[in-house]
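Residue numbers (our numbering), protein chains in the order written: chain X, 1 to 403; chain V, 1 to 403.
No lab work stands behind these hints, which were simulated from the structure alone.
Certain hints may be false.
Identical chains share a label here; the pair holds if one copy fits it or two copies do between them.
Stated by the list, open to error - The calculated DSS-like cross-link candidates involving lysine-lysine, where the alpha carbons are at most 30 Å apart (straight line), are: (1) Lys363 x Lys61; (2) Lys363 x Lys26; (3) Lys26 x Lys364; (4) Lys61 x Lys26.
Next come the chains, spelled out residue by residue.
2 protein chains.
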Amino acid sequence: MTVPGFGASEVTVPGFRASGVCCGIKERDPDLGLIVSAVPATAAGVFTRSSVPGAPVVLTKQRLRSGRKRGVIVNSGISNVAMGARGLRTAEAMTAMAARELGCSPEEVLVASTGVIGEPIPLARIRAGLPLAREALSPGGLGDTARAIMTTDTFPKLASRRVRVGGRLVTIAGIAKGSGMIEPRMATMLAFLLTDAPVAAPFLRRLLRTTADETFNRVSIDGETSTSDTVLLLANGVAGGAPLRDPRSPGARALAEALLAVCTDLSRDLARDGEGATKLVTVRVEGARTRSEAERAVRRIGNSMLVKTALFGGDPNWGRILQTVGAGEVRINLERAEVRLGGVAVYRRGGSAGPRARARAGKKLTEPEIEIRVDLATGRGRASLWTCDLSYDYVRINAEYTT
Amino acid sequence: MTVPGFGASEVTVPGFRASGVCCGIKERDPDLGLIVSAVPATAAGVFTRSSVPGAPVVLTKQRLRSGRKRGVIVNSGISNVAMGARGLRTAEAMTAMAARELGCSPEEVLVASTGVIGEPIPLARIRAGLPLAREALSPGGLGDTARAIMTTDTFPKLASRRVRVGGRLVTIAGIAKGSGMIEPRMATMLAFLLTDAPVAAPFLRRLLRTTADETFNRVSIDGETSTSDTVLLLANGVAGGAPLRDPRSPGARALAEALLAVCTDLSRDLARDGEGATKLVTVRVEGARTRSEAERAVRRIGNSMLVKTALFGGDPNWGRILQTVGAGEVRINLERAEVRLGGVAVYRRGGSAGPRARARAGKKLTEPEIEIRVDLATGRGRASLWTCDLSYDYVRINAEYTT
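If we strip away everything but chain X, and leave its shape as in the complex, we get (with noise of 0.2 Å):
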């Protein structure tokens, strides 16, 4: 076994290999990319709660109940969502147009579509691309996948990491994308997970959710979640050893914990690049009455176009803050509350902390990583969120162009 080299552009995991090329749906930019096992692995997925899922959502789910599976084919610039009976037959041809170039059966493999909703996906162009997709498969080319499924994205997003699962190192990496329509709950955006190691399909289930529910459902740019939100992951076992399935092992562990890192490190990319985003936010709730009223406040404090303009105008504005938190109808103790931005207490003991208190705390505003710390006092409720700032490029993106 080979663990070959890291590196933002060039991220391996044995047995996997993948590859991003240009089909023609977007004009110039790659827009068709493969994922690729060489044994069958084990899969799980997240998918979006909306009312209207994609059409690819709703085979892949379907795919996922059972069997291992072998590949994923992806694409960007058409969604195929609101697409009626003519969604799934497109979602179905291009499970099969894959697996005819993969040598494996339609149920084998998954499929994801990221871009414009009620547009119908030029079959005829994804055929064509499949031969170049699959002629470029190289075991170091999720990068090329990564770039293959942006939309608005800035820039491409990849994580990986190296940890000793039963005495063999075994390498976990993702890729993401996501920029506009981002809210993932019990969900998320794209995201595509490899893990050579070993693991159970019940145990990679579970190990999916819990760790999508702390980190790719902890980010929000707008508000909106997406119709096409998708996260798989694959583990081959190329690693080798007995297939994980007891959360309580130490392997099992680890492997938890590195997959942890990997969504973290994606999710916190997520943020970073919202359309028109110029800072990444990360907003703490702490001392809510209860979990749920920390979670609305963290919501209403991310999602709020108030808080997140005077973000991006650095201005330290505790008031909005406060303000959605109590619009919010969540509970909070006025005269022992606390509101820190960049670590600076610009609010507490029932008031404003001063002229000096909110200069520093405006010149913190500037930094690129800003943190939103607020004690409510009225519980031990916390929870977080990554999220971005309200710029001008965000009116603009969504204003003068249709996504």
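Since chain X is already given, all that's left is putting chain V on it; use the hints.
Below, chain V without anything else, positioned relative to chain X:
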């Protein structure tokens, strides 16, 4: 009884006088308003449901529990929110000062404030300004009060109707301010409604709540319920006649209709003048499984940054409309659903209505008033909302200035 002439700038209600002056809370614009009834009036209010209501909200709610009222003091520039015990003392002091000027008891005076959160109101300026405000009181002064309560509003909002109640001509007039931090829920932003009709207090309360639910609570600029939302309705009975008590009486119905018309005018103006707005948008959802799903759908659409930026850009993007409804986990029958923009069906029978419909809808979206109508085809629930688009100016206003 004289029934004075009507005009946008000169609205009068018999027995009421009003004024708006500069007292120096803001740098130069009017910032202090007074409304006075010659005789004690029955009064009702609806307020923010924020868990951090401003001190004036707390005090005015308390004052409304009993007795008739003589007047209202209101300031803009500072909202007297999140100021602890000092905030309540300030609100009480404001009513006491106004009561001295008006020769009544503080319990007969209501108070409202709007503006920056977390700053102290300079009471000395209010004290100095009040004699000017009293001297300026005039029957036609309501337009000045409307100007004195503006924050980022670009025009004062007044509306009025005359209607026959029990053989007598009565007037109902109102003023409002809005602009940002606007999504009144079971409450609203600042609005003051006056009538010379005689109305018993229990019916007045019921009337205001019902009307607010159909008007102010159907507006959202940015999904942010303010800490200061206050609507007051004062009825001084100067028109004469027996107090209206029975909602089914012809007089009560006539008054209710006139109040609905006044509040509808004001609500539409609030949406039209949302921060940075270039368009008044009416969102109508019908065919929802339940009334509450219709409600959730109109609020998803009206508060969606993706939909609002598309409207700003004139992009007939039905995909974003269906997507945000789906993100709210609202049931849609995609095969039978329909989306109309400015009356043009752009999505129907399971798919796009084609590029020509799209082009026609795009043209409609350049108009200053737009209707979005969505039929979810899953039941009979319906709801509507007034909102506006999201422009560069919203970002500019909220990024470059502290509010």
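- Query: Is it within, between, both or neither when you check Lys26 against Lys364 at 30 Å Cα-Cα?
  - Reply: between (40 Å within a copy, 28 Å between copies)
- For the identical chains here, do Lys61 and Lys26 meet the 30 Å Cα criterion within one copy, between copies, both, or neither? Classified as within: same-chain Cα gap 26 Å, cross-chain 58 Å, threshold 30 Å.
- Message: As a check of your reading, is Lys363 near Lys61 (CA-CA no more than 30 Å) within one copy, between copies, both or neither?
- Response: neither (47 Å within a copy, 40 Å between copies)
- Message: Cα distance capped at 30 Å. Does Lys363 pair with Lys26 within a copy, between copies, both, or neither?
- Response: Answer is between; shortest inter-copy Cα gap is 26 Å, intra-copy 41 Å.
Hint 1 alone, counting from the list given before, is not met by this structure.
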